[in-house]
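**Student:** Residue numbers (the numbering used here), protein chains in the order written: chain A, -6 to 266; chain B, 11 to 392.
The reader is advised that the hints may include incorrect statements.
Restraint-style ranges between C-beta atoms, simulated for each label pair [what the hints assert, rightly or not]:
#	chain 1	residue 1	chain 2	residue 2	range
1	B	Glu382	A	Gln257	49 to 57 Å
2	A	Arg200	B	Pro61	37 to 45 Å
3	B	Asp148	A	Arg103	49 to 57 Å
4	B	Glu248	A	Pro(-4)	22 to 30 Å
5	B	Val171	A	Leu131	49 to 57 Å
6	A	Gln257	B	Val19	30 to 38 Å
Think of the hints as simulated: they come from the structure by calculation, not from any bench.
Keep in mind that this is a model prediction, so the values were computed, not measured.
C-beta atoms are modelled at their ideal positions from N, C-alpha and C, and glycine is treated no differently.
Here are the chains, one letter per residue:
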Amino acid sequence: MNPMGEKYLRKDSLPFLWCPGCGNGTILAATIRAIDQLGVIDDVALIGGIGCSGWIPVYIKADVFHVLHGRTMAFGTGLKMSDPKRKVVIFTGDGDCLGIGGNHFIHTARRNLGMTVLMVNNQIYGMTGGQVAPTTPLAAKTKTSFFGNPEDPFDACELAKAAGATYVARWTAAHPIPLSKTIAEAISHEGFAFVEIIAQCPTQAGRLMYGISDPAAMLEFLKGKTIPAQAAQNLSEEERKGKLIIGKLFHDSEKTEFSKRYYQMAASSGKGD
Amino acid sequence: MIEEPNQEVKILQGNEAVVEGALAAGCRFFAGYPITPATEIAEMMAERLPPLNGVFLQMEDEIASICAAIGASFGGMLACTASSGPGISLMQEGVGYAAETEAPIVVVNVMRGGPSTGMPTAPSQQDIMQAKWGSHGDYEIIALMPSSCQEAFRLTYRAFVLAQRYRVPVYVLSDEIIGHTREKVRIPQGLAPVERQKPRAEKKNYWPFKAGPDGLLDGMPAFNEGYKLLIDGQLHDEQGRRAAHIPEVCARLTERLCRKITIHREEIYELETAFIDDAEMVVVCFGSPARPALRAVKEARRKGIRAGYLKILTVWPFPVERIRDLPEQVHTLIVPELNVGRVVHEVEHATAGRKEVLSLPKLGGLLHTPGEILEAIERRNR
Chain A
-6 MNPMGEKYLR KDSLPFLWCP GCGNGTILAA TIRAIDQLGV IDDVALIGGI
44 GCSGWIPVYI KADVFHVLHG RTMAFGTGLK MSDPKRKVVI FTGDGDCLGI
94 GGNHFIHTAR RNLGMTVLMV NNQIYGMTGG QVAPTTPLAA KTKTSFFGNP
144 EDPFDACELA KAAGATYVAR WTAAHPIPLS KTIAEAISHE GFAFVEIIAQ
194 CPTQAGRLMY GISDPAAMLE FLKGKTIPAQ AAQNLSEEER KGKLIIGKLF
244 HDSEKTEFSK RYYQMAASSG KGD
Chain B
11 MIEEPNQEVK ILQGNEAVVE GALAAGCRFF AGYPITPATE IAEMMAERLP
61 PLNGVFLQME DEIASICAAI GASFGGMLAC TASSGPGISL MQEGVGYAAE
111 TEAPIVVVNV MRGGPSTGMP TAPSQQDIMQ AKWGSHGDYE IIALMPSSCQ
161 EAFRLTYRAF VLAQRYRVPV YVLSDEIIGH TREKVRIPQG LAPVERQKPR
211 AEKKNYWPFK AGPDGLLDGM PAFNEGYKLL IDGQLHDEQG RRAAHIPEVC
261 ARLTERLCRK ITIHREEIYE LETAFIDDAE MVVVCFGSPA RPALRAVKEA
311 RRKGIRAGYL KILTVWPFPV ERIRDLPEQV HTLIVPELNV GRVVHEVEHA
361 TAGRKEVLSL PKLGGLLHTP GEILEAIERR NR
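Between the sequences and the hints, there should be enough to build the whole structure, so can you do that?
**Tutor:** Printed below as a string of structure tokens:
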């Protein structure tokens, strides 16, 4: 086994439950490299939501919470506030984060609570067999958008930024090395860090929406849709349409992180108001 | 009246007494959402917790509130939430998660009239069954029912004791009457905060869900203490690993989650009795109706009727044996409750048809008068 796997995986939990060609393994590896680079395995509290990506932390030998559908950030709020030294890292899917968990997402971002949210976006509810998600493209066919999706998808990064996230980035599973660096930067960021990771789902999204079920072809397809954030700045709205802007999209290191602000205010509470 | 020197006497409403009880127990994390008639608990926590270096959070909803409390519980703090009616309904998935992951949390339900938005400012006892059955699947919880502000204080403290000992969500089932009644509460000084036991097993050999023969776990470590905990809402083995595909592991866990409470029921039960020894009729009561019930029983005694009084403070697990073992000469049990008549079926079950059981339900947000309960006693006496 890879020495990183040897060191950081719960080996007795293997094999992974994901389908062959899934992007989650790449994201797991990128996360482990980031944790190793920072040397924070004892300080992280990993939380997984419900859905395929919610299982990523379960394989990591750290303190791990596998929680209720959509509630990762609410559990994370309790963990972070009970000990602000903790580095809370959340693994959530697009349905978990933007559908059932949308309310917790915007409010945790609004508070700028110190946690890293890795939102794995496969554009579909994969684990339940391929239903339409808040990120499914318009007109895309899924098991519950039989005649094409009548809804517009969310841009999760725009939503995170608008809600108050102070670090926002997007990568795909076809960019494992920059993704790993971004995860390390997000974990090091004091406030609410949001990283959207577009991942291939050959089994559901590939088959139902794209007509491609070969993982390598899906990765190529994803790569072809991306434009680096810097290059995108010079493009018109028209030219950016249908493209995925990747890289660091927003970073504010000035705004005070929530638990820090809370405990500062608590420390001065009751002292001569 | 002579006041004891080692206690502080305050005039508190029940909601405030709950906060005093929680803080005395060492609760340092509260997450909640405003709702009538429980809001005063959140308001007082917001004032009292920060100076104690504790955490008060007003969350975006009740689901987030209970989930944050569970997070804080595994984060190492004694944690609590409080709500009522619709808010408690929203919390049910969290109650189930806490039961399944054996997270000690305290949930205060200041019961109001239902269903749905119901009667926001009026009392009820319509959520007693919800407390036991509200979340899906098989599990057990503990529920305590105060009938005074003093009991609201004491039982909230005890709720934290029980939650840590049995690693289970514990309800305090208060109601709008107790929540908003102001009366004298004696707060003992120097009450020890509830301590959470750390595991006896060494870190490297520690399995978070390995239970002893009594069904209880080996202490409770927090996150980031070196145990590398795996806490999963999916049924799991003793190490915390998912086991939803292994029937015997799942069966064993589900059974233990229930058994760990039921086999300890005798040490959980708390009841009070009066005039029982020669009683022919006993009023079986809990929560607010216990007060008019005691008055009615005393009135009946004055009239020469051999009435007795049995107050249940721990409604779940239900004290079946204590009802069953009431003296032989007791021929009738009268059960006043602020709902359509729910707990009366538990009482009937306990008596197994050997005694007559009369239901005395009351709806509409009003409490029984002593006269109404007395009338029921007299009617049966004739």
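**Student:** Could you run down the list of hints and mark each one as holding or not?
**Tutor:** These are the hints, each one checked on the structure:
1. B:Glu382 / A:Gln257: 49 to 57 Å: 55 Å, holds
2. A:Arg200 / B:Pro61: 37 to 45 Å: 58 Å, violated
3. B:Asp148 / A:Arg103: 49 to 57 Å: 38 Å, violated
4. B:Glu248 / A:Pro(-4): 22 to 30 Å: 29 Å, holds
5. B:Val171 / A:Leu131: 49 to 57 Å: Hint holds: Cβ distance 56 Å, inside 49 to 57 Å.
6. A:Gln257 / B:Val19: 30 to 38 Å: Cβ of Gln257 (chain A) to Cβ of Val19 (chain B): about 36 Å, so the range 30 to 38 Å holds.
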